[in-house]
Amino acid sequence: MDEQPRLMHSHGVGMAGHPGLAPHMQDGTAGTDGEGRKQDIGDILQQIMTITDQSLDEAQARKHALNCHRMKPALFNVLCEIKEKTVLSIRGAQEEEPPDPQLMRLDNMLLAEGVAGPEKGGGSAAAAAAAAATGGIGADNSAEHSDYRAKLSQIRQIYHTELEKYEQACNEFTTHVMNLLREQSRTRPISPKEIERMVSIIHRKFSSIQMQLKQSTCEAVMILRSRFLDARRKRRNFNKQATEILNEYFYSHLSNPYPSEEAKEELAKKCGITVSQASLSSPLSRQVSNWFGNKRIRYKKNIGKFQEEANMYAARTAVSATNVSAHGSQANSPSTPNSAGSAGSFNMSNSGDLFMSVQSLNGDSYQGGQVGANIQSQVDTLRHVISQTGGYSDSLAASQMYSPQGINTNGGWQDAPTPSSVTSPTEGPGSVHSDTSN
DNA sequence: AATAATGATTACGC
DNA sequence: GCGTAATCATTATT
Numbered sequence: 004m005d006e007q008p009r010l011m012h013s014h015g016v017g018m019a020g021h022p023g024l025a026p027h028m029q030d031g032t033a034g035t036d037g038e039g040r041k042q043d044i045g046d047i048l049q050q051i052m053t054i055t056d057q058s059l060d061e062a063q064a065r066k067h068a069l070n071c072h073r074m075k076p077a078l079f080n081v082l083c084e085i086k087e088k089t090v091l092s093i094r095g096a097q098e099e100e101p102p103d104p105q106l107m108r109l110d111n112m113l114l115a116e117g118v119a120g121p122e123k124g125g126g127s128a129a130a131a132a133a134a135a136a137t138g139g140i141g142a143d144n145s146a147e148h149s150d151y152r153a154k155l156s157q158i159r160q161i162y163h164t165e166l167e168k169y170e171q172a173c174n175e176f177t178t179h180v181m182n183l184l185r186e187q188s189r190t191r192p193i194s195p196k197e198i199e200r201m202v203s204i205i206h207r208k209f210s211s212i213q214m215q216l217k218q219s220t221c222e223a224v225m226i227l228r229s230r231f232l233d234a235r236r237k238r239r240n241f242n243k244q245a246t247e248i249l250n251e252y253f254y255s256h257l258s259n260p261y262p263s264e265e266a267k268e269e270l271a272k273k274c275g276i277t278v279s280q281a282s283l284s285s286p287l288s289r290q291v292s293n294w295f296g297n298k299r300i301r302y303k304k305n306i307g308k309f310q311e312e313a314n315m316y317a318a319r320t321a322v323s324a325t326n327v328s329a330h331g332s333q334a335n336s337p338s339t340p341n342s343a344g345s346a347g348s349f350n351m352s353n354s355g356d357l358f359m360s361v362q363s364l365n366g367d368s369y370q371g372g373q374v375g376a377n378i379q380s381q382v383d384t385l386r387h388v389i390s391q392t393g394g395y396s397d398s399l400a401a402s403q404m405y406s407p408q409g410i411n412t413n414g415g416w417q418d419a420p421t422p423s424s425v426t427s428p429t430e431g432p433g434s435v436h437s438d439t440s441n
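In our numbering, the protein residues as written are 4 to 441.
None of these hints come from the bench; they were simulated from the model.
Mixed in with the good hints, there may be bad ones.
Label-pair restraints from in silico Cβ distances [said to hold, decoys possible]:
| no. | residue 1 | residue 2 | range |
| --- | --- | --- | --- |
| 1 | K272 | H163 | 40 to 48 Å |
| 2 | N182 | Q218 | 28 to 36 Å |
| 3 | T89 | L59 | 32 to 40 Å |
| 4 | N182 | L59 | 18 to 26 Å |
| 5 | M107 | Y169 | 14 to 22 Å |
| 6 | L227 | P195 | 41 to 49 Å |
| 7 | T177 | I85 | 22 to 30 Å |
| 8 | A77 | M107 | 43 to 51 Å |
Nothing here was measured: the structure is a model prediction, and the numbers come from that model.
For each residue, glycine too, the CB sits at the ideal point set by N, CA and C.
Work out the full structure, taking the sequences as your base and the hints as a guide.
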């Protein structure tokens, strides 16, 4: 390091062309005779052999000398330029990558879930917001909520530490490589552009690792959410009043228990299904739909089991109907629209069971073939019962009225030919709202 | 603790 | 999108 004079000297020689090499390169062109070549080769070998003989200091000195040569920068510049024009330009085309949509999606989700957001305060707030938005977890189960939040923040913490680790590693590696390249740029032509490129490559690699981290984090969050927010896991039974209302509607529309969207909303409102029971994935109206879906299928599956219930509700609606009509000062109401619908027909796949159940419950023996034709008589019976009892009808009478019919064995609730039934069930005050709110 | 009841979800067809 | 049928997972009941 300190022998400047010697360096100067040696580098002068070196740059002029290798002492032995340059000459014969020029000489042995035409290949005059093998003699000269042989000697050249010998020369080279000799030189190679002597390289190892050189002391380390000497080698370093030479290197340094080369580095300091005044022509060197220019030469390297040219070489770099050439390199740029060849290899780099070929690869340069695919250089700029558009921001990976997948990564963007993950980022967005993490942000939305409050995992990637700002530190604690905002993060948990975001988490709460996300939870509230998605699950609508009411105030009643705050314990679960906090549990959820705790787990989420755990995930969040892991995510952040991992991310930091990766970032750090990336930086370390990048600086290392950069140093290396910079150092090498003294001995071989490396343009700053190339270094830049290398850095970007490294970053890309690391970002793909980060994406994996984000991916798995997202998965974890999703699992957490599905565990905590899945309504199925935290289902609450409807309260008594709600089921009454629903049942009432169901049995008074037995012929066609498919409430319209409006009716559903009305029912949902009436049932007062609490907010805690409604989730975003299954809003109130959907709960009603679920209920009716379940009810229909379960009723159909086993009518016998529901017979009593049917009777009960039928009787009730019958009573209410009479009350209404009595109020209207019309003793013998002509059409009894409300309950007429309930005598409707629906089709079942297992008609045998149905028939049996009807038989056993009624004590009346119906002929299978003519069951479908009994609607009118049932309506009559209903009317009769209403006018006669005027109050609680016995289960027997009711069961007669509400035993299902119209066995078509093709499954499904075919709309019955019931004449005037499509009106609302419990007429009461103002069933015709036609509000169209929302 | 078994078992029934029940609300919600899923798969599939229309 | 809605309906059915099957199924799941929880809650109520025995």
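Status of the hints after comparison with the structure:
The given range of 40 to 48 Å is respected by K272 and H163, whose C-beta atoms sit roughly 45 Å from each other. Judged by the Cβ atoms, the range 28 to 36 Å given for N182 and Q218 holds: they are separated by roughly 32 Å. T89 and L59 have their C-beta atoms about 35 Å apart, which keeps the hinted 32 to 40 Å range intact. Between N182 and L59 the beta carbons are some 22 Å apart, a value that agrees with the proposed interval 18 to 26 Å.
Range check, M107 to Y169: Cβ separation about 18 Å, and the 14 to 22 Å hint holds. Between L227 and P195 the CB atoms are about 46 Å apart, so this pair conforms to the stated range of 41 to 49 Å. With their beta carbons about 27 Å apart, T177 and I85 fall inside the hinted range of 22 to 30 Å. Range check, A77 to M107: about 45 Å between beta-carbon atoms, so the 43 to 51 Å window is met.
The structure meets every hint from the earlier list without exception.
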